[in-house]
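Engineer: So the chains spell out like this:
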Amino acid sequence: MRSPRKFALAALPSALAFAFLCLSLSGPLAAQNRDVDVAVVVHPDTPVSNLSLAEVRKVFLGDRQYWTTNTPVVLLIRAPVARERNVVLKVIYQMSESQFKQYWIAKIFRAESATAPKVVYSNDVANELVTAIPGAIAFIDARDVRPGAKVVRVDGHLPGEPGYPLR
Amino acid sequence: MHSRLLPILVFVLLSSALFAQSAPPASAEPEPSVKSLLDRIQQLEKRISELEDHERKSSSAQAGSSGSPAVAESKPAKAEAMSILPSSEHMATSPAVREAEVHYPSLQIRGFGDVDFSATNEKGTTSGFSLGQFVLHLASPLSSKVRYFGEISFTAQPTTYDLSVERSIIRYDYNDYFKMSFGKYHTPLGYWNTAFHHGAWLQTTISRPEMVRFGGTLIPIHFVGLQAEGNIPSGNLGLGYSVGLGNGRGSVLSKAGDNGDANSNRAWVANVFARPAQFYGLQLGVTVYRDELTPTTGAERREWIEDAYVVYTKERPEFLSEFASVHHTDILTSQVFNSQAFYVQLAYRLPWQENKWKPYYRFEYIHRPESEPDWSVTDLVGSTLGVRYDITNYAAFKGEYRSTRHGVDEPRVNGAFFQTAFTF
Numbered sequence: 192m193r194s195p196r197k198f199a200l201a202a203l204p205s206a207l208a209f210a211f212l213c214l215s216l217s218g219p220l221a222a223q224n225r226d227v228d229v230a231v232v233v234h235p236d237t238p239v240s241n242l243s244l245a246e247v248r249k250v251f252l253g254d255r256q257y258w259t260t261n262t263p264v265v266l267l268i269r270a271p272v273a274r275e276r277n278v279v280l281k282v283i284y285q286m287s288e289s290q291f292k293q294y295w296i297a298k299i300f301r302a303e304s305a306t307a308p309k310v311v312y313s314n315d316v317a318n319e320l321v322t323a324i325p326g327a328i329a330f331i332d333a334r335d336v337r338p339g340a341k342v343v344r345v346d347g348h349l350p351g352e353p354g355y356p357l358r
Numbered sequence: 199m200h201s202r203l204l205p206i207l208v209f210v211l212l213s214s215a216l217f218a219q220s221a222p223p224a225s226a227e228p229e230p231s232v233k234s235l236l237d238r239i240q241q242l243e244k245r246i247s248e249l250e251d252h253e254r255k256s257s258s259a260q261a262g263s264s265g266s267p268a269v270a271e272s273k274p275a276k277a278e279a280m281s282i283l284p285s286s287e288h289m290a291t292s293p294a295v296r297e298a299e300v301h302y303p304s305l306q307i308r309g310f311g312d313v314d315f316s317a318t319n320e321k322g323t324t325s326g327f328s329l330g331q332f333v334l335h336l337a338s339p340l341s342s343k344v345r346y347f348g349e350i351s352f353t354a355q356p357t358t359y360d361l362s363v364e365r366s367i368i369r370y371d372y373n374d375y376f377k378m379s380f381g382k383y384h385t386p387l388g389y390w391n392t393a394f395h396h397g398a399w400l401q402t403t404i405s406r407p408e409m410v411r412f413g414g415t416l417i418p419i420h421f422v423g424l425q426a427e428g429n430i431p432s433g434n435l436g437l438g439y440s441v442g443l444g445n446g447r448g449s450v451l452s453k454a455g456d457n458g459d460a461n462s463n464r465a466w467v468a469n470v471f472a473r474p475a476q477f478y479g480l481q482l483g484v485t486v487y488r489d490e491l492t493p494t495t496g497a498e499r500r501e502w503i504e505d506a507y508v509v510y511t512k513e514r515p516e517f518l519s520e521f522a523s524v525h526h527t528d529i530l531t532s533q534v535f536n537s538q539a540f541y542v543q544l545a546y547r548l549p550w551q552e553n554k555w556k557p558y559y560r561f562e563y564i565h566r567p568e569s570e571p572d573w574s575v576t577d578l579v580g581s582t583l584g585v586r587y588d589i590t591n592y593a594a595f596k597g598e599y600r601s602t603r604h605g606v607d608e609p610r611v612n613g614a615f616f617q618t619a620f621t622f
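Protein sequences, first through last, are from chains A and B.
Residue 192 is where the first sequence starts when you use the numbering used here, and the numbers rise one by one after that.
Residue 199 is where the second sequence starts when you use the numbering used here, and the numbers rise one by one after that.
Each hint should be verified, as a subset may be incorrect.
[To be verified] Taking lysine-lysine pairs in the DSS-like style, the calculated list, with each CA pair at most 25 Å apart, reads:
id, chain 1, residue 1, chain 2, residue 2
1, B, K512, A, K298
2, A, K298, A, K281
3, B, K343, A, K309
4, A, K292, B, K453
5, A, K341, A, K309
6, A, K309, B, K512
7, A, K292, A, K309
8, A, K292, B, K343
In short, the hints are calculated from the structure, not lab data.
Isolated chain A (complex conformation) (with noise of 0.2 Å):
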């Protein structure tokens, strides 16, 4: 029979590891979920691949309203609460939700605008529709994009590279 002692020592190292796999496990996991990055998503036809901050700012403004003569810009956004819309609130817009609202009402009853930026609910519809919708341009949860999907690089960047701006 082993001694408690014994026992002890035996058991130590299994907790000190289990309890360092624990800290190190719990930190790359929030990590993963800070730093997941949102991808801007148009419909395939959309005739741009590659877009400044700047220029995807300009669109989610409302200033720019179409990609070509024919093809407007359809805005998807996020319902609030989601990360993709804090995101896009965030590094986009630079605006607090009641700021963000208060933006898109003036927009349209200055006349500069018909509409506000369509709220999805879930990424999958927002998948849905921005393949759907010629001219739609939605911001995805980088990992919950379609495969074939077509992504816009942002400041030359896709994401999951460095220096890709929304996250």
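Since the structure of chain A is provided, determine the placement of chain B on it from the hints.
Structural biologist: Below, chain B alone, put in the same frame as chain A:
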């Protein structure tokens, strides 16, 4: 036995404590990490419920359309509503896509209102409450390229309400560089007159600057005619333009010629502005305006207005400044009268209490030559100090202290003003 186990237990406890204490600075990480994980769990739970809702909707839509061919169902919708979607087959199989379909016309109505209280030391005035303008804004896309905008105001008068069509515009968009519209506008002259329309909730302050006051005559507030506008290809400079041709001022100088011009000379206006990409929030612009005035009383005059502005609209800070120079030339005597006006407004959205507080200050100035006849504008030097508190995303309280002097050698008037402004 217990005496042997005790040192081991103490060692384990001490080693745990030491492990916790000797952890590198990165050991501060677990707290935000746990928070992030909880956030992620919340997001995933929300997403699951969204997906379940989506699934339920799909099932109910399919159940509702069972028995009739899906493609046949989508065809009447296509004929009735100009769709932004390319494929009716896809529409029929996807409720989400079908919901995104835009029907024309698609009328949106938004109302604005405000309730005010004022008390000043001006002789002959009384303090009290007043109902501000009740305003309805209308916007309706008529097709993917044609849109209508309207604005109607109801203004309280002693015995009735004045109903006024403030704006009524139909616009055709060719592309970003050329948009043509017809109707009644707020004259695209300077910044404030086109940035803030009726509806006090839209602007930071309770009142507009005197130089662009509704019912004022320093600059023409309204304009009936046509306008072309758009972006100018200029890269990061973000240039844009608008040019207009219209009736200009009516025989009552504060009114536009809604039912026809007061003379056969059209007014024209040209405006160029820049929104540099490197300075998001910054806008600079210049405007020139030309008209011939035929007032009910007084001499006919040629009018030439130049306006320049610099604004920064990010709210931390918000900075608005605009200068206008108004030249009138008497057609008979060639006598020239020059008036100048400007305002500078500074506001800052405070970061506390959910960004609800926004204090502001505005200084404004108007000078007009005393020799100019039949011109209701008066000299003005005024300061406004106030604060806006956004109760919700759609309603705000504002309180202001104003100190102004109208005319030369007139006493200064001080007053306190309060307003609750909202949109619905």
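Engineer: Could you run down the list of hints and mark each one as holding or not?
Structural biologist: Each hint tested on the structure:
1. Distance hint between B/K512 and A/K298 is fulfilled; the C-alpha atoms sit about 15 Å from each other, no more than 25 Å.
2. About 19 Å separates the Cα atoms of A/K298 and A/K281, which keeps this hinted pair within 25 Å; it holds.
3. With a CA separation close to 18 Å, the supplied pair B/K343 and A/K309 stays within the 25 Å bound.
4. Between A/K292 and B/K453, the direct Cα distance comes to roughly 33 Å. Violation of the 25 Å bound is thereby established for this hinted pair.
5. Restraint check for A/K341 and A/K309: the C-alpha separation of about 19 Å stays at or below 25 Å, so the hint holds.
6. Between A/K309 and B/K512 the CA atoms are separated by roughly 23 Å; this keeps the pair inside 25 Å, and the hint holds.
7. Using a Cα cut-off of 25 Å, the hinted pair A/K292 and A/K309 holds, with the two alpha carbons roughly 12 Å apart.
8. Pair hint A/K292 plus B/K343 holds up; C-alpha atoms about 24 Å apart against a cutoff of 25 Å.
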